[in-house]
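Participant: For reference, the chains in residue letters:
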Amino acid sequence: MASPSPLLRVEALDKSFPGVRALDGVNLTLARGEVLAVIGENGAGKSTLMKILAGVQLPDGGRILLDDRPIRCHSVHEALRLGIVLIHQELNLAENLDVAANISLGREAHVLGFLRSRAMRAEARRALKLVGLDVSPRKRVGDLTIGQRQMVEIAKALATNARILIMDEPTSSLSRHETETLFGVIRNLKAQGVSVIYISHRLGEVRAVADRVVALRDGKNAGELLRGEIDERRMVSLMIGRDASGWYRREPLPAGEPLLEVRDLATQAHRRHRLSFQVRRGEIVGIAGLVGAGRTELLEAIFGVTPPAAGTICVAGRPVRIRHPIDAICAGLALLPEDRKLQGLVLEMSVRQNISLPGLFRTRLAGMFLNFRRERSDAASLISSLRIRTPQATTPVQLLSGGNQQKTVLAKWLNLRPRVLLLDEPTRGVDIGAKEEIYRLLEQAAREGAAILFVSSEMQEVLTLADRVLVMHQGALAGQLTREQLSEEAVMHLATGQVGTTP
Amino acid sequence: MKKALAIGALLIVISAAASLKSPDFLTAANIQNNVNWSSLWGILAIGSAFVIIAGGIDLSIGSVVCLSGCLLSLLLHGWHIRIGWLGLDTELKFGVPAALTFVLVVAALLGLGHGLLITKLRLQPFVVTLCGLLLYRGFSRWITDEQTQGFGDDDVAALIERFHDWTVGTIPLIEDFELRIPFVQRLFTVRTPFVQEFHLPIPFLIVVALGLVAGGFLHWTIYGRYLLALGRNEQAARYSGIATDRMVIVAYVLCSLIAGFGGVLLALEINSVQPSSFGAGWELTAIAAAVLGGCSLRGGEGSILGVIIGAALIRVILNATFLLGVPDTLADATTGLVILLGVIADELFHRLAARRRLRSA
Numbered sequence: 055m056a057s058p059s060p061l062l063r064v065e066a067l068d069k070s071f072p073g074v075r076a077l078d079g080v081n082l083t084l085a086r087g088e089v090l091a092v093i094g095e096n097g098a099g100k101s102t103l104m105k106i107l108a109g110v111q112l113p114d115g116g117r118i119l120l121d122d123r124p125i126r127c128h129s130v131h132e133a134l135r136l137g138i139v140l141i142h143q144e145l146n147l148a149e150n151l152d153v154a155a156n157i158s159l160g161r162e163a164h165v166l167g168f169l170r171s172r173a174m175r176a177e178a179r180r181a182l183k184l185v186g187l188d189v190s191p192r193k194r195v196g197d198l199t200i201g202q203r204q205m206v207e208i209a210k211a212l213a214t215n216a217r218i219l220i221m222d223e224p225t226s227s228l229s230r231h232e233t234e235t236l237f238g239v240i241r242n243l244k245a246q247g248v249s250v251i252y253i254s255h256r257l258g259e260v261r262a263v264a265d266r267v268v269a270l271r272d273g274k275n276a277g278e279l280l281r282g283e284i285d286e287r288r289m290v291s292l293m294i295g296r297d298a299s300g301w302y303r304r305e306p307l308p309a310g311e312p313l314l315e316v317r318d319l320a321t322q323a324h325r326r327h328r329l330s331f332q333v334r335r336g337e338i339v340g341i342a343g344l345v346g347a348g349r350t351e352l353l354e355a356i357f358g359v360t361p362p363a364a365g366t367i368c369v370a371g372r373p374v375r376i377r378h379p380i381d382a383i384c385a386g387l388a389l390l391p392e393d394r395k396l397q398g399l400v401l402e403m404s405v406r407q408n409i410s411l412p413g414l415f416r417t418r419l420a421g422m423f424l425n426f427r428r429e430r431s432d433a434a435s436l437i438s439s440l441r442i443r444t445p446q447a448t449t450p451v452q453l454l455s456g457g458n459q460q461k462t463v464l465a466k467w468l469n470l471r472p473r474v475l476l477l478d479e480p481t482r483g484v485d486i487g488a489k490e491e492i493y494r495l496l497e498q499a500a501r502e503g504a505a506i507l508f509v510s511s512e513m514q515e516v517l518t519l520a521d522r523v524l525v526m527h528q529g530a531l532a533g534q535l536t537r538e539q540l541s542e543e544a545v546m547h548l549a550t551g552q553v554g555t556t557p
Numbered sequence: 010m011k012k013a014l015a016i017g018a019l020l021i022v023i024s025a026a027a028s029l030k031s032p033d034f035l036t037a038a039n040i041q042n043n044v045n046w047s048s049l050w051g052i053l054a055i056g057s058a059f060v061i062i063a064g065g066i067d068l069s070i071g072s073v074v075c076l077s078g079c080l081l082s083l084l085l086h087g088w089h090i091r092i093g094w095l096g097l098d099t100e101l102k103f104g105v106p107a108a109l110t111f112v113l114v115v116a117a118l119l120g121l122g123h124g125l126l127i128t129k130l131r132l133q134p135f136v137v138t139l140c141g142l143l144l145y146r147g148f149s150r151w152i153t154d155e156q157t158q159g160f161g162d163d164d165v166a167a168l169i170e171r172f173h174d175w176t177v178g179t180i181p182l183i184e185d186f187e188l189r190i191p192f193v194q195r196l197f198t199v200r201t202p203f204v205q206e207f208h209l210p211i212p213f214l215i216v217v218a219l220g221l222v223a224g225g226f227l228h229w230t231i232y233g234r235y236l237l238a239l240g241r242n243e244q245a246a247r248y249s250g251i252a253t254d255r256m257v258i259v260a261y262v263l264c265s266l267i268a269g270f271g272g273v274l275l276a277l278e279i280n281s282v283q284p285s286s287f288g289a290g291w292e293l294t295a296i297a298a299a300v301l302g303g304c305s306l307r308g309g310e311g312s313i314l315g316v317i318i319g320a321a322l323i324r325v326i327l328n329a330t331f332l333l334g335v336p337d338t339l340a341d342a343t344t345g346l347v348i349l350l351g352v353i354a355d356e357l358f359h360r361l362a363a364r365r366r367l368r369s370a
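If you read the sequences in order, they're chains U and V.
Here the first sequence is numbered in this note's numbering, starting from 55 and rising by one per residue.
Here the second sequence is numbered in this note's numbering, starting from 10 and rising by one per residue.
Among these hints, one or two may not hold up.
To be verified - 25 Å max Cα-Cα, derived DMTMM-like pairs, lysine to aspartate or glutamate: (1) U/K274 / U/D122; (2) U/K274 / U/D121; (3) U/K244 / U/D265; (4) V/K30 / V/E243; (5) U/K395 / V/E356; (6) V/K129 / U/E351; (7) U/K395 / U/D122; (8) U/K395 / V/E243; (9) U/K274 / U/D285; (10) U/K183 / U/E162; (11) U/K244 / U/D121; (12) V/K129 / V/D254; (13) U/K395 / U/D432; (14) U/K395 / V/E310; (15) U/K193 / U/E149; (16) U/K395 / V/D254; (17) V/K11 / V/D254; (18) U/K395 / U/D222; (19) V/K11 / U/E402; (20) U/K274 / U/E223; (21) V/K129 / U/D381.
As the list claims (entries may be wrong) - From the structure, some residues in chain U lie toward chain V, with a derived Cβ separation under 10 Å: (22) C384; (23) L389; (24) R394; (25) K466.
Just so you know, the hints here were simulated from the structure itself, not pulled from any lab data.
These figures come from a predicted structure and were not determined experimentally.
By construction, the Cβ of each residue, glycine as well, lies at the ideal position given by its N, Cα and C atoms.
Based on the provided sequences and hints, a complete structural model is requested.
Facilitator: Right under this line is the structure:
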């Protein structure tokens, strides 16, 4: 497949960090105009490899050849000059500046320090055209949607005449439609001879966009799939190193009485739409929809983070007034929020203190004193039952891997034995192993009598986990799908607002 | 805790150096004086530590100190309030308990105001308390008509004699070379060959008691844990069901209340309260002590013991520079330099520890 002289060739790359062999003799080739997907679990070495290519880190051993000439990038700037650009998962744009200013950031056209705004805007317009984004270069980046910002980031890379574009989880915050647009842009770039290295956990997207797939496992090459061989099963088995026949599949439970009942609820963000639904004991209900459909707002309204504008919420048949998360917790609700680092965890505090935080007021002694013994024993039992891999209970949670951090958030809520568990993107940024563990934990919670309501942008997750799916579109409930009606096409129909068309 | 020990060691090193260089440093009178002022500043610093741990800042401490000192004196002497356009013409004259209560309630209300403006109106702590700094200073000068306040005249001096002795008085520990420890002294007397006389300032006992209560609150109660958590990440704390607004308000109320109480002690101690200068700049002394003692201005971090030692360190540096004949004009610069070096050393240790942790991981 690789042409006789590939654009980029990586040979026997080594990189060690204290205690970890991040890369161990990794080889890679990239042809001109090729879209190469690099897959692997968290910690497999993908990001290290990309950082070395983009000049963020230096390798310990091995060679990188660009056009058959060995290169050694000491800085991002050098890599940029050679035409290698890394687009981070978290976008690096100055939201307070306009599109043109962002595209030429650091390379502004100027005369004696004075900006040549017109030249900058012309350049921005050219770059925006390449990615097919139709916004004014004068528009403030902060006013763009996430998807548009992604395109601006790509336009910025193209404006530097990038030859190799490295995209790290580019679709993690894009809607379906925006993802399609991105794929169109990638195909377009390909036609112009730009090579793309595409990193993603979303195997469906990899299948759609990649010419070739390279899998990494434990810092080594784990295998390669060519165009015709790319399918989810093969990719998963390369990544986890065993046959993926045990791909998670759950059996629905007989549902009990309604534990959460929402009637005519209006969120602050979408005041005009009224939402009504219920979730029963032992039931796992998914909320699907595009980014911006109001799913997070719905969960946050139920949990009292942003109190609802109208409507009633009943928990276990009794109406509750929820103005603050405290009210929700007292009523037996729990919310695993969308962003675990910002909303889920106090990163500098220990695993133990994070787990105990929401329940401190229940275990307090004499009205105000911490119950240290209880705190220790609760944390210890949850760490072992959820198999949170941490050196000690007193380790700051920021030192844990993404999956273990997410399990810590789950632990802090399971510690309260909630009647209703709300989850917002429960497995975002979590590797496959931890993902399956989280699914099993949720299923176990349902079996023990909780009602579970989760939001997910991953179709695979919705399809495997949910007994029933609510689909949202622009702040309204577009419809409900039972397990029998459930399919990717049915969900997308409702999520994109094609009401009334039964698949 | 480690940080508290580190700056405790620094305190000892500086004290040792000062006593080697100056024979006056280790005299009983000088030690007594240092203990007294370290304690008074330590009290203010504990208040500011609560706000800093909650991720905020309070710049109004010095002005609250001034206002409470002025109010106490006015109320004890009889405060003549005459506001023409309100038709108000009355005199307030209180006894000690009522005056003290009045002053503390006013201080707590000021803190409540700060907290409400910061949490409910979402104003920035820096701005709110900066306005407080200007407001209370100006108000103090206005109500006192810029007259120096004190408790020296006969009436009031008699009235507050006991109050004075119980708050800023001293307990004789060593007299005529004999160590006098309450109760124990009845059994036997210990003769000390070194010191003729040493009296323990009562503010030291107050700061120890306040420190124990504050430290216990911070580390042993759920509310202390809430403060530490929200100082690090307010959003995560709110999502965990913590009434973050209420806890922030509590921090500001405690800070102003402690500043008001400290103002009472300082006014009694100095006994000459000049409305335009009393307490000026002490909010920065308090903040510096808290930072030296291990509080991060990013919030969520700090130990009460460290804060008290931090206050002592600032006092001792000031005292040592004076005794060593460093020009008076350089005193502030010396303090600034030592704090800067302390913070730089702390940051370097942090990085070293992080690197070591990475290596062992």
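Participant: Against each hint, give a clear statement of whether it holds in the structure.
Facilitator: Here's how the hints hold up against the structure:
| no. | hint | in the structure |
| --- | --- | --- |
| 1 | U/K274 / U/D122 | holds (23 Å) |
| 2 | U/K274 / U/D121 | holds (24 Å) |
| 3 | U/K244 / U/D265 | holds (10 Å) |
| 4 | V/K30 / V/E243 | violated (48 Å) |
| 5 | U/K395 / V/E356 | holds (24 Å) |
| 6 | V/K129 / U/E351 | holds (22 Å) |
| 7 | U/K395 / U/D122 | violated (42 Å) |
| 8 | U/K395 / V/E243 | holds (12 Å) |
| 9 | U/K274 / U/D285 | holds (21 Å) |
| 10 | U/K183 / U/E162 | holds (19 Å) |
| 11 | U/K244 / U/D121 | holds (18 Å) |
| 12 | V/K129 / V/D254 | holds (8 Å) |
| 13 | U/K395 / U/D432 | holds (22 Å) |
| 14 | U/K395 / V/E310 | holds (18 Å) |
| 15 | U/K193 / U/E149 | holds (10 Å) |
| 16 | U/K395 / V/D254 | holds (21 Å) |
| 17 | V/K11 / V/D254 | violated (31 Å) |
| 18 | U/K395 / U/D222 | holds (19 Å) |
| 19 | V/K11 / U/E402 | holds (17 Å) |
| 20 | U/K274 / U/E223 | holds (20 Å) |
| 21 | V/K129 / U/D381 | holds (19 Å) |
| 22 | C384 | holds (8 Å) |
| 23 | L389 | holds (7 Å) |
| 24 | R394 | holds (9 Å) |
| 25 | K466 | holds (7 Å) |
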